[in-house]
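**Student:** First to last, the protein sequences are chains A and B.
Read in order, the letters of the first sequence are residues 16 to 344 in our numbering.
Read in order, the letters of the second sequence are residues 16 to 344 in our numbering.
Warning: the hint list may mix true and false statements.
[To be verified] Calculated Cβ distances over 10 Å to all of chain A for the following chain B residues:
id: 1; residue: S22
id: 2; residue: R36
id: 3; residue: R51
id: 4; residue: H63
id: 5; residue: M87
id: 6; residue: G92
id: 7; residue: Q98
id: 8; residue: K130
id: 9; residue: R134
id: 10; residue: D217
id: 11; residue: L278
id: 12; residue: R280
[To be verified] Rough simulated footprint, nothing fancy, chain B against chain A, three-plus residues with beta-carbon under 8 Å:
id: 13; segment: 48-55
id: 14; segment: 61-75
id: 15; segment: 273-285
id: 16; segment: 297-311
id: 17; segment: 314-320
Honestly, the hints are just simulated from the structure, not real lab data.
A virtual CB, placed ideally from N, CA and C, is assigned to each residue, including glycine.
There are 2 protein chains.
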Amino acid sequence: MSTRRNSDPSTLIESARAGNRAALARLLTLVENGSREVSALAFKAPGHAYTVGITGAPGAGKSTLTDRLIVMAREKGFDGGDQVAVLAIDPSSPFSGGAILGDRVRMQNHALDEKVFIRSMATRGHLGGLAVAVPDAVRLLSAVGLPIVLVETVGVGQQEVEVAAATDTTIVVVNPGWGDAIQANKAGLLEIADLFVINKSDRPGARETKRDLELMLDLSAVGEWRPPIVETVASTGEGVEALWAAIGDHRSHLGAQGTLESLRRARLEREFHQILLARVEERIDRAVTLDRFAAVIATMMAGDLDPYEAADRLLAGMFTDGAGPSADA
Amino acid sequence: MSTRRNSDPSTLIESARAGNRAALARLLTLVENGSREVSALAFKAPGHAYTVGITGAPGAGKSTLTDRLIVMAREKGFDGGDQVAVLAIDPSSPFSGGAILGDRVRMQNHALDEKVFIRSMATRGHLGGLAVAVPDAVRLLSAVGLPIVLVETVGVGQQEVEVAAATDTTIVVVNPGWGDAIQANKAGLLEIADLFVINKSDRPGARETKRDLELMLDLSAVGEWRPPIVETVASTGEGVEALWAAIGDHRSHLGAQGTLESLRRARLEREFHQILLARVEERIDRAVTLDRFAAVIATMMAGDLDPYEAADRLLAGMFTDGAGPSADA
Numbered sequence: 016m017s018t019r020r021n022s023d024p025s026t027l028i029e030s031a032r033a034g035n036r037a038a039l040a041r042l043l044t045l046v047e048n049g050s051r052e053v054s055a056l057a058f059k060a061p062g063h064a065y066t067v068g069i070t071g072a073p074g075a076g077k078s079t080l081t082d083r084l085i086v087m088a089r090e091k092g093f094d095g096g097d098q099v100a101v102l103a104i105d106p107s108s109p110f111s112g113g114a115i116l117g118d119r120v121r122m123q124n125h126a127l128d129e130k131v132f133i134r135s136m137a138t139r140g141h142l143g144g145l146a147v148a149v150p151d152a153v154r155l156l157s158a159v160g161l162p163i164v165l166v167e168t169v170g171v172g173q174q175e176v177e178v179a180a181a182t183d184t185t186i187v188v189v190n191p192g193w194g195d196a197i198q199a200n201k202a203g204l205l206e207i208a209d210l211f212v213i214n215k216s217d218r219p220g221a222r223e224t225k226r227d228l229e230l231m232l233d234l235s236a237v238g239e240w241r242p243p244i245v246e247t248v249a250s251t252g253e254g255v256e257a258l259w260a261a262i263g264d265h266r267s268h269l270g271a272q273g274t275l276e277s278l279r280r281a282r283l284e285r286e287f288h289q290i291l292l293a294r295v296e297e298r299i300d301r302a303v304t305l306d307r308f309a310a311v312i313a314t315m316m317a318g319d320l321d322p323y324e325a326a327d328r329l330l331a332g333m334f335t336d337g338a339g340p341s342a343d344a
Numbered sequence: 016m017s018t019r020r021n022s023d024p025s026t027l028i029e030s031a032r033a034g035n036r037a038a039l040a041r042l043l044t045l046v047e048n049g050s051r052e053v054s055a056l057a058f059k060a061p062g063h064a065y066t067v068g069i070t071g072a073p074g075a076g077k078s079t080l081t082d083r084l085i086v087m088a089r090e091k092g093f094d095g096g097d098q099v100a101v102l103a104i105d106p107s108s109p110f111s112g113g114a115i116l117g118d119r120v121r122m123q124n125h126a127l128d129e130k131v132f133i134r135s136m137a138t139r140g141h142l143g144g145l146a147v148a149v150p151d152a153v154r155l156l157s158a159v160g161l162p163i164v165l166v167e168t169v170g171v172g173q174q175e176v177e178v179a180a181a182t183d184t185t186i187v188v189v190n191p192g193w194g195d196a197i198q199a200n201k202a203g204l205l206e207i208a209d210l211f212v213i214n215k216s217d218r219p220g221a222r223e224t225k226r227d228l229e230l231m232l233d234l235s236a237v238g239e240w241r242p243p244i245v246e247t248v249a250s251t252g253e254g255v256e257a258l259w260a261a262i263g264d265h266r267s268h269l270g271a272q273g274t275l276e277s278l279r280r281a282r283l284e285r286e287f288h289q290i291l292l293a294r295v296e297e298r299i300d301r302a303v304t305l306d307r308f309a310a311v312i313a314t315m316m317a318g319d320l321d322p323y324e325a326a327d328r329l330l331a332g333m334f335t336d337g338a339g340p341s342a343d344a
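For reference, chain A alone in the conformation it holds in the complex:
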């Protein structure tokens, strides 16, 4: 058996499609490290995965809830598909322990189930960071035939919000007693949430939190879809069937309105913009030599030039501002 032939991306994709999880794991590592070849192959064989994002502050119970949704996806599926992939996103920050630890717990629960593929994902090596790496990874999982992809993020920080917004249905998980936090952040919450979950709803304050969320929705200009509020106790499984049903409702809504396609187009636009910027960054790093950079820094340290002037001078002449050939040429 030749290792070299097996590590060829198209061969790996064939194996992964046939159910080889080791091949899929290797492909995801390639994506994490920014493999353009794998991304391009996945892009040209898009698949039909439905993606569900789960986000919320640390401690909200996202991991346990995701664990329950894995079981729902296996039992009930969408369109008969009973496989499921989970991406647990590690925001690569000094305080991101939760995702990794939660992932380990789930790994044990589902280790023997070959229809469940779980992967925690770091994105340090990927050009464009999370905003590009996650869509790349999701597209790969879809391309190899997985029908449902759950994406779990720690919902703190702008990057993670971008990831959450990059799924078809985004679930924001809160807990009883979070009224003040909800109030302070309503704009951001309304921007990304398709569904609210009040997890640990057996604790005091669940009713008030629900009222706070309803009031927030009442006072805002929600579109044709008003995000439902589902109460769960993920640790016991209470409310999880209702949550799965609500996900299905949102999916039907998107399909019926024909908005799923335009949603995905808007996401591709955002992703493409990120890729454009990342590739420009590469070019700048190549073009601006160390010597040149050092000279500018020295002038700035002397207080003779501010960074904005310096940037403009350094970039002057580097651009032909739109005179290039168009991509469709």
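Dock chain B against the given chain A, drawing on the hints supplied.
**Tutor:** Just chain B now, with coordinates in the frame of chain A:
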């Protein structure tokens, strides 16, 4: 009194230097909104502020600790300066309520003290985001003569880590019982921490947490400065004098080693890099017209082109790759 003359940035800076806090508040709003003029003026009159970053996960007690450090700065100062500025950074995320709420509490405590200037800062309008807006704001506070600037961030997410790393002394706040989180994130912690604080150290588990941190430091290649670990109970003030002394020790260490200057140079390099990228982003957005962008997206949606190829085609011809004049010309 002419409002128009008073809103001129150089006039505002003169007023702020003379102690006019309303003028300083207006200048910071201009910086938040990305005013290049204010940033350039501040850059050319740098001042001598010493900056202290306070970061840590939500709930660690950062706001209360910062409140205590304000009192220390007022009583003990550095080099006789007894004024202090606080920037509470709002990471503009759906879950950032803490900073804003904490800020309100402090506002009440120090509202009558005209030597304390507190400001919570959002950065949505600023080119380059947090990584550029915060150094800009700090430079302004320094330029108007404030000797000490405390920068408080919610330490979750890569952006906030960048902010924390942009101060002279960075304090990472943890709590008893956070051993697992520390273990999972030691690389990130070691990268940014000049000082560790175990806050709420009257709670069970403080000793174990200290042991975990010491062990982490023992096993890592710390440089000439080994981050000290200070135990505090911010709510009572216990340990806060020791913390202030440790900050002074780190400041002396940087000065004695002559590293403060090279530290600041390295920070300016990072900041300049961000500004370069942000300005390139502006140019790209101008150069790539909506029609052109839409045509590329349509080709991609049809599966005929992957985003990486598309980016390369769109950028082809836009660059002269380094042929431009140098900034020192």
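**Student:** With reference to the structure, classify each hint as holding or not holding.
**Tutor:** Results of checking the hints against the structure:
no., hint, result
1, S22, "holds (20 Å)"
2, R36, "holds (25 Å)"
3, R51, "violated (5 Å)"
4, H63, "holds (13 Å)"
5, M87, "holds (25 Å)"
6, G92, "holds (25 Å)"
7, Q98, "holds (23 Å)"
8, K130, "holds (27 Å)"
9, R134, "holds (17 Å)"
10, D217, "holds (22 Å)"
11, L278, "holds (12 Å)"
12, R280, "violated (6 Å)"
13, 48-55, "holds (count 3)"
14, 61-75, "holds (count 4)"
15, 273-285, "holds (count 3)"
16, 297-311, "holds (count 10)"
17, 314-320, "holds (count 5)"
Hint violations for this structure: numbers 3 and 12, all remaining hints satisfied.
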